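Residue numbers for the sequence shown follow UniProt numbering, so the first one is 1 and each next one is one higher.
Don't read these hints as lab results, they were simulated from the structure. Careful, some of the hints might be misleading.
Subject to a maximum C-alpha distance of 20 Å in a straight line, what follows is the list of computed EDC-like cross-link-like pairs (lysine to aspartate or glutamate) [said to hold, decoys possible]: (1) Lys73 to Asp20; (2) Lys76 to Asp87; (3) Lys73 to Glu55.
Treat the numbers as computed from the prediction; the structure is a model and nothing was measured.
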Amino acid sequence: MMEISSAFASGFQGFQRASDAVTEATVNINQQAAQSSNQRALETPVESRTGPSMEQSLVTLGSEQINAEANLKSVKTADEMLGSIIDLRV
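The whole structure should be built from the sequences, with the hints applied where relevant.
Laid out in structure tokens, this is it:
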């Protein structure tokens, strides 16, 4: 039973980390798009950015989506195992 609780906790923690990373990547992409749009409207030269590039943020977004899906699968598997254990004991 302890392993199932641990699988739930790990899955939920992993999903939360992935969700936070997706949010951060999305914010970075939106900031970069807004900055780029403002620079084009004002016809100013492109300034150097201190954060991750748009490409890096898009890659992070995709990889964290996969990470979140994998963690949800581990939670689902733990849930199914718990259901099986309950069925066996009843």
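Tested hints:
1. With a CA separation close to 18 Å, the supplied pair Lys73 and Asp20 stays within the 20 Å bound.
2. Pair hint Lys76 plus Asp87 holds up; C-alpha atoms about 16 Å apart against a cutoff of 20 Å.
3. Only pairs whose Cα atoms come within 20 Å are accepted, and Lys73 paired with Glu55 is rejected, the gap being roughly 28 Å.
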